[in-house]
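Taking my numbering, the leading residue of the sequence shown gets 91, the next gets one more, and so forth.
Honestly, the hints are just simulated from the structure, not real lab data.
Glycine included, every Cβ here is placed at the ideal spot set by N, Cα and C.
Heads up, some of the hints might be wrong.
Unchecked claim - Below, computed lysine to any residue pairings styled on SDA-like, alpha-carbon distance capped at 25 angstroms:
{"#": "1", "residue 1": "538", "residue 2": "601"}
{"#": "2", "residue 1": "538", "residue 2": "550"}
{"#": "3", "residue 1": "538", "residue 2": "607"}
{"#": "4", "residue 1": "538", "residue 2": "597"}
{"#": "5", "residue 1": "538", "residue 2": "549"}
{"#": "6", "residue 1": "538", "residue 2": "596"}
{"#": "7", "residue 1": "538", "residue 2": "581"}
{"#": "8", "residue 1": "538", "residue 2": "555"}
{"#": "9", "residue 1": "538", "residue 2": "553"}
{"#": "10", "residue 1": "538", "residue 2": "345"}
{"#": "11", "residue 1": "538", "residue 2": "483"}
Said to hold, decoys possible - Quick list of simulated restraints, FRET-style, between CB atoms:
{"#": "12", "residue 1": "604", "residue 2": "548", "range": "17 to 27 angstroms"}
{"#": "13", "residue 1": "470", "residue 2": "413", "range": "41 to 51 angstroms"}
{"#": "14", "residue 1": "505", "residue 2": "541", "range": "42 to 52 angstroms"}
{"#": "15", "residue 1": "133", "residue 2": "361", "range": "42 to 52 angstroms"}
{"#": "16", "residue 1": "400", "residue 2": "604", "range": "12 to 22 angstroms"}
{"#": "17", "residue 1": "379", "residue 2": "520", "range": "30 to 40 angstroms"}
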Amino acid sequence: MAFAFIPVMAFAQFEAQMAQFCEGPLEGDATGILVVAENAPSGEWEVFRVGVGVLGGPFENGEYVQFSEVPLGSFLQVRDAANDLDLAVFTNLPTPDNTFITQFPVTGACQERECDVNDLFDLVEQGFAGGFTSTNSGGILFGDLSLPHNASFNALIFGNFTNTGGGGSIQGRIAVEGNFNSGSGFTIGEGNPSITNSLNSKMASDNLIVGGNLDFSGGVRGNVLYNTETNLPGFISVGSASGIYRNISPDVDWIAARNYFETISTSLAPSHIDNSCVGANTGVVTIIDANNIELDADNQSGIVVFELNSVSAAQSFNFINTSSAVAIIVNVGGGTAAFTGGSIALDGVTISSPYTGINQDFIEKMLWNFYEATTFNLNGYAIMGSVLAPFTTDVEFIGGDIVGQGIFSGDVTKSGGFDILNFCFNGDLDICEFEEPDLPEVDLAVSKTIDISEPFEGDTIVFTVTAQNLSDEEDAVGVQVLDQLPSGYIFISATPSVGNYDEISGIWDIGLLEAEGEATLEIE
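Sequences and hints are given; from them, build the entire structure.
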């Protein structure tokens with residue numbers, strides 16, 4: 091995983107990314123070049139200008155470098171420093187098998203627009219960086235598990251993310267299906283590329299992916315993909331905004347991605363795990379008092395599963411005898427999960443930074459599965475391990491940490507200092523088979539009305555979409571309705587009775603619709 095179960099390849103592809111910015115003082119003058127490369131066979135790489143010579147190097151894998159006054163029309167290669175026949179594949183080219191790129195204004199090059207003074211743009215705007223495409227399962231799910239702090243996704247949010255105040259960070263990569271709104275003081279991938287010892291993401295990665303509108307004045311280490319933008323910090327140099335902005339709608343199948351995680355969560359839930367993970371062991375839960383719970387893995391090997399009816403305020407958890415387990419799953423029931431005013435301990439010792447040794451081993455095999463939660467609140471609490479909560483509709487982070495990955499749906503709001511630390515779930519779930527469970531048949535109906543039957547140009551009208559669950563016993567889960575405005579109308583606002591509406595995709599994400607339940611959406 092970083093919630094994706096794929097084998098690690100023995101030899102990763104030698105690849106590079108490159109962007110240019112115009113240096114001026116006149117249009118058409120030489121450009122600056124920003125380059126990063128990964129997986130050079132010898133461990134070091136260099137930049138070579140065909141017909142001229144080496145521009146710079148050797149550089150270490152993952153190092154992000156800048157060159158000035160590179161003449162327009164140069165043919166450039168990124169190649170292995172020990173063997174100049176090993177050429178990097180440019181992952182941000184529309185034809186990634188090319189071994190060289192050209193710069194404006196060469197006819198037929200990937201970039202043929204004018205270069206304004208101090209302007210920044212990719213050498214290839216029509217492509218996008220990163221290793222995911224719509225042909226991948228869910229599009230964004232796969233990552234290299236060869237290192238504990240790899241560039242796999244630290245957070246996936248199937249909804250909107252809003253930072254209303256306070257600092258903090260997502261130390262790894264984050265993908266947001268909806269809108270991303272945050273002021274300054276909040277960083278992605280640890281922001282500053284000079285912080286080499288922190289749990290940051292690779293420069294070569296797409297570390298902030300936004301399917302909707304991006305309004306962000308914080309810092310990003312790595313590349314940014316977004317659909318639309320309201321506000322972005324200026325790209326000046328490596329030390330200011332360490333990556334490439336790409337105004338390209340991410341090629342992500344968000345619905346497939348969400349279904350992927352919903353299937354995992356449901357398969358691991360108490361009602362299914364005996365069939366999904368045959369041979370998993372059961373841990374012992376002891377309620378010492380209302381605020382203290384002991385979870386004993388009893389030195390069992392393989393997967394150890396604990397079951398909690400709920401998590402509420404001021405609860406602390408002490409895990410004991412876990413060293414033999416290859417994965418630890420804590421199934422938490424209930425519609426609301428609240429982590430406030432408690433702590434998590436390992437063998438009686440509260441886990442705290444630095445997260446190394448046995449603490450790191452524990453964190454990276456721990457998964458909290460909230461298979462029923464629609465509301466998730468975290469306030470001043472440090473959750474040890476990854477959190478899988480794909481059915482949420484309302485998530486609030488007031489302060490604290492998730493020391494692992496976080497998977498959430500719905501509206502996610504952050505206030506106060508909050509961090510998601512870049513530890514990936516590496517628990518061994520090989521014995522598990524995640525298949526979509528048999529769901530009951532549910533009878534749904536959707537209708538649409540308009541308040542003005544014969545509107546004139548300039549009128550403000552309201553469409554009302556009504557979704558009904560006609561079943562008298564079975565709840566409907568994961569309900570989504572597609573409704574886009576007809577041609578000729580201008581979107582003003584949307585008011586759903588439940589869930590969220592994305593005016594760009596036209597998807598009304600209802601989530602749970604109870605038996606004989608009804609939900610409405612007003613689009614103005």
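Here is how each hint holds up against the structure:
| no. | hint | result |
| --- | --- | --- |
| 1 | 538 <-> 601 | holds (19 angstroms) |
| 2 | 538 <-> 550 | holds (17 angstroms) |
| 3 | 538 <-> 607 | holds (17 angstroms) |
| 4 | 538 <-> 597 | holds (15 angstroms) |
| 5 | 538 <-> 549 | holds (19 angstroms) |
| 6 | 538 <-> 596 | holds (14 angstroms) |
| 7 | 538 <-> 581 | holds (16 angstroms) |
| 8 | 538 <-> 555 | holds (4 angstroms) |
| 9 | 538 <-> 553 | holds (7 angstroms) |
| 10 | 538 <-> 345 | holds (23 angstroms) |
| 11 | 538 <-> 483 | holds (24 angstroms) |
| 12 | 604 <-> 548: 17 to 27 angstroms | violated (40 angstroms) |
| 13 | 470 <-> 413: 41 to 51 angstroms | violated (29 angstroms) |
| 14 | 505 <-> 541: 42 to 52 angstroms | violated (37 angstroms) |
| 15 | 133 <-> 361: 42 to 52 angstroms | holds (49 angstroms) |
| 16 | 400 <-> 604: 12 to 22 angstroms | holds (20 angstroms) |
| 17 | 379 <-> 520: 30 to 40 angstroms | holds (37 angstroms) |
In the structure shown, a violation is registered for the earlier hints numbered 12, 13 and 14, in ascending order.
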